[in-house]
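> Each chain, written out:
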Amino acid sequence: MPDWQALVRSQLDGLALESHERAEVIEELAAHLDETFQGLRRRGFAEEDATHRCLNEVKDWQDLRRRIEIARRKENIMSNRVRQLWLPGLLTFTLAMGLLELMQKFFPEPFILHLDHPPVLLFYVPWLLTLPLAGAIGACLSKRAGGSMRMTLLSSVFPVLPLAAVFLTAIPVGLMLSHTLSHEIVAAAFLTLGIAWVAVPGLVLLVGGWLAQLFLSRRLDSRRIVGS
Amino acid sequence: MIGAGIKRGTAELAVLSVLEDGPLHGYEMARRIERQTKGALRFTLAALYPMLYRMEQRRWIRGSWETSDNGRRRRRYRLTPAGKKKVSPLRQEWSELFQALRRLKKVAHA
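Protein chains in written order, with the numbering used here: chain A, 452 to 679; chain B, 76 to 185.
Since no wrong hints were added, every one of them can be taken at face value.
If you only want the chain B side, here are some residues facing chain A, beta carbon under 8 angstroms, derived:
no.	residue
1	125
2	128
3	147
Have a look at the derived ranges for each label pair, beta carbon to beta carbon:
no.	chain 1	residue 1	chain 2	residue 2	range
4	A	574	B	172	47 to 55 angstroms
5	A	557	B	168	44 to 52 angstroms
6	A	584	B	143	57 to 65 angstroms
7	A	517	B	157	23 to 31 angstroms
8	A	533	B	160	19 to 27 angstroms
9	A	574	B	153	47 to 55 angstroms
10	A	490	B	98	13 to 21 angstroms
11	B	172	A	489	36 to 44 angstroms
12	A	563	B	134	42 to 50 angstroms
Computed far set for chain A versus chain B, every beta-carbon distance over 12 angstroms:
no.	residue
13	560
14	563
15	646
By construction, these hints were calculated from the structure, which means they are not laboratory data.
Values in this document were obtained by computation on a predicted structure and should not be read as measured data.
Glycine included, each C-beta is placed from N, C-alpha and C at the ideal position.
Please work from the sequences and hints to get the whole structure.
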């Protein structure tokens, strides 16, 4: 019986993977050949014939080596994530910030909502009205790149994610460091900022993203029906 | 005999389908697919493993080493939750394609 490990190792010499990965691939392929050989022998094939059939499992070892290297690379996953989340997300973020800048220039007066003493909520209403468009664009780009519903919706709310992260870390830190101010005031300030800059814009972006995702999904479904 | 192009497209669905019944290692997978399709789909080592590695990278399946009773180490593959989700839409796509081809055949015969 041939030494399958030695055979696979020599044929896949130069397989461009990490050493432990390469060893695993060699072991796995050798085990497959070994089982194929044993199976053929059990079915009554002569040793020479069984060996010949096993060797026929791979016609071109160089081609196999290349295809294993391509399959094992992580770039595909990375590029999918970049195309489905990071690029649409960053574009949505840039668009949302650009729109904020523009709206603040043309409509500098924010809408002020007095809740209690002292919390006040500041809303740039014209900006909020344009945000569904930004969310929808982010969702469309992610969907077109093959993004799942989760990726699509994440891309649409991407502009508020950095702010949410800042608030989530700033609130506990702020509460710990606020020796001079009362905790109540700090908490109220963070709450109002969180509502005005994270919760409400996030919701508006999500509405735009969700509508775009719904529209694109229906369009895909109708294409499938027409196609079938 | 099914052509190479169609085989490539259906191969992933075949792997996902046999793994729905439970974890298998590569050789078992190839044998089972061959048996269940009455030899219409046959995977050589060269066809099977690059595809398994690709599917593993996409996180549709996960491989883990196991040692059998006779001391042999083998890598068994199982479906991941993402892989389970993929089976049904893939089946749907292929079913739609075959329906369309059947319709086309009917039109050609009309």
